[in-house]
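Top to bottom, those sequences are chains R and D.
1 is the number of the first residue of the first sequence in this note's numbering; add one for each residue after it.
1 is the number of the first residue of the second sequence in this note's numbering; add one for each residue after it.
Treat the hints loosely; a few may be bogus.
Claimed, not checked - Taking beta-carbon pairs under 8 Å as the criterion, some of the chain D residues facing chain R (in silico):
#1 Val-52
#2 Leu-55
#3 Gly-57
#4 His-60
#5 Asn-87
#6 Tyr-95
#7 Gln-180
#8 Met-181
#9 Gly-209
#10 Gly-226
#11 Gly-242
#12 Pro-266
#13 Arg-269
Said to hold, decoys possible - Computed footprint of chain D on chain R; a stretch qualifies when at least three of its residues, placed anywhere within it, have a C-beta under 8 Å from a C-beta of chain D:
#14 98–111
#15 125–138
#16 237–249
What the hints contain is simulated information worked out from the structure, not anything from laboratory work.
Where a beta carbon is used, it is the ideal one built from N, C-alpha and C, also for glycine.
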Amino acid sequence: MANRDLTPAERVALARHPGRPGTADFIAALISDFFEQRGDRFFGDDGSILGGVGLFHGRPVTVIGHRKGKTLEEHMAYNFGMPSPEGYRKAQRLLRQAEKFRRPVITFIDTSGAYPGLEAEARGQGEAIAETLALLSSLTVPVISVVTGEGGSGGALALGVGNRVLMLENAVYSVLSPEGFASILWKDASRSAEACEVMKLTAADLLSMGVIDAVIPEPEGGAHENPHVLYQVLDTTLVRELGALEKQSGAALAAGRYKKFRAMGLNAVRKERT
Amino acid sequence: MSNINILAQRRQKLLALKALRSSPVVPAHKEEACPSCGKLVARRDLSDHHYVCPLCGYHHPVGAYYRLSLVLDKGTFRELEVNLISNDPLQFPDYKDKLDQARRRTGMGEGVVTALGRIGGYLVAVGALDSRFLMGSMSAALGEKVTRLIEYAGKNKLPLILFSASGGARMQEGILSLMQMAKTAAALERFSRKGGFYISVLTHPTTGGVTASFASLGDILLAEPGALIGFAGPRVIEQTIGQKLPEGFQRAEYLLEHGFLDAVVPRDRLRDVLIQLLRLHGKGGDIRG
Ligand SMILES: [Zn+2]
């Protein structure tokens, strides 16, 4: 891999790079005939989650991902990629359709976290994330999740219960942003670089812990330096992974996903006589 | 006396002892100021009222064993997975010491107690989180104990009751803490699809990853009066939006009004409400295999 010597803090910076390709770019590069589906049918449409149906190498797939946007107007419109409950409920709607129409699901994860706002709480941010986790865990179609940038907290995980969880080389995935982590644990957000070191949030760390299944290499200097190279690698990887999953029955896919997440943290517990 | 009675008595004694240690800290003096109304309340009055202020109704947070002693039939408490504890997976600085302190202070191995017991004669799988154990934060061990309880309930076709109280993620376990949200939610979804009946009781405070996973996935959602319930904590929200939050925001009554709870139930009514719900549901739906 081309970016072997970067520190965790440097990878966090790359994961947040304003030019880094996001969900909209991956859809444009990899999916043809894409139709964006909007709205949660309850309250509104949350642009910070982009979703719809399109063709991946000729077969229909449901694609759902966080969207930060590239310009200031887009950042505002998409709330810097921090979803509200409407975003997660839109995702649930699309996931139910994927199940109904037997379409594989591809998710792209890139958010600093779910939006911690007054309206988001009033409309049940916690419930929306919980229901998305439960639904995604039970689907009987293939689900591939790719952490592409920042994977922050429950707002990221809500789209991350895949049969296969892949991660771009310079993406990060953590229980909280390094700033939030430092602020909660040490009451000092400025110690975020230190937090990056202890949090084990890089793709290599997460691969060794069994939280992700594979790392997708990025071009030298990061994905934004040569996105087309990345699209090529991502395309090849998704074809291979999807091909393997599509051989399995629906029941086996649901069972396999359950088994995978059921095992999370088993090495982190032990029995002790007290 | 029969062996069964002796066993039941022994179980009751054990729970009573643990509950005593698990009730709010007892100061040496005989009265204390209520954190809500500020008036002095006799210790004895407080313990007689299940640690609810007799003057204003403020519900003091209580420990997991005490909580279970309030709702379970006498002599029916059988703790499950009592020895399952955290392994400090990230070798996180100072975490081992923090765990040791929490264990000594609470007499618990982790931030949740899971058990088999009876409520109004109904056999149930029941768990209670304890906010005194590192804020009831979600560790891999806590997630594992909750998941084993869910699976135990599914396997034995029992109703499931969980009392939540949590500050959110266990920072020192990083991503493995986060993954417990997916694990518990997935286990509950399986349980639910088999017809399992789950009552989630949210107590003060329930926030973060616990709110955004098992605490919100009950068939019935109950909360104690005044309980703070949310995904983001109030301080983070205030910092984000740059304004003060309205009075009562994220409290149980607010959630009830916004459609996220079935009922707000005072502590002295909780056991009766649970018995009513168990009576109405039996073991749950058409529970299969
Ligand atoms: Zn009072």
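Classify the hint on D/Tyr-95 as holds or violated, based on whether any CB of chain R lies nearer than 8 Å to its CB.
10 Å, violated
Quick check: the segment 125–138 of chain R, covered by chain D? Criterion 3+ residues, Cβ under 8 Å.
holds (count 11)
Would the hint on D/Pro-266 stand, with a C-beta cut-off of 8 Å toward chain R?
23 Å, violated
Hint validation: D/Val-52 versus chain R, beta carbon distance must be below 8 Å. Holds or violated?
Violated: closest Cβ of chain R sits about 26 Å from D/Val-52, beyond 8 Å.
The hint names D/Arg-269 as touching chain R; please verify it with the least Cβ-Cβ distance against 8 Å.
Interface hint status for D/Arg-269: violated (24 Å vs cutoff 8 Å).
Identify whether the interface hint at D/Gly-209 stands, where standing means a beta carbon of chain R within less than 8 Å of its own.
6 Å, holds
The hint names D/Gly-242 as touching chain R; please verify it with the least Cβ-Cβ distance against 8 Å.
11 Å, violated
Does D/Gly-226 meet its interface restraint, that is, does its C-beta lie within less than 8 Å of any C-beta in chain R?
17 Å, violated
Can the hint on D/Gly-57 be confirmed by a CB-to-CB distance to chain R that is less than 8 Å?
24 Å, violated
Residue hint D/Met-181, partner chain R, criterion CB-CB below 8 Å:
Holds: closest Cβ of chain R sits about 6 Å from D/Met-181, inside 8 Å.
How does the coverage statement for the segment 237–249 of chain R fare against chain D, requiring three or more residues with Cβ below 8 Å from a Cβ of that chain?
Since 0 is below three, the answer is violated.
For the hint on D/His-60, just tell me whether its beta-carbon gets within less than 8 Å of chain R.
24 Å, violated
The structure fails to meet hints 1, 2, 3, 4, 6, 10, 11, 12, 13, 14 and 16 from the earlier list, while all remaining hints are met.
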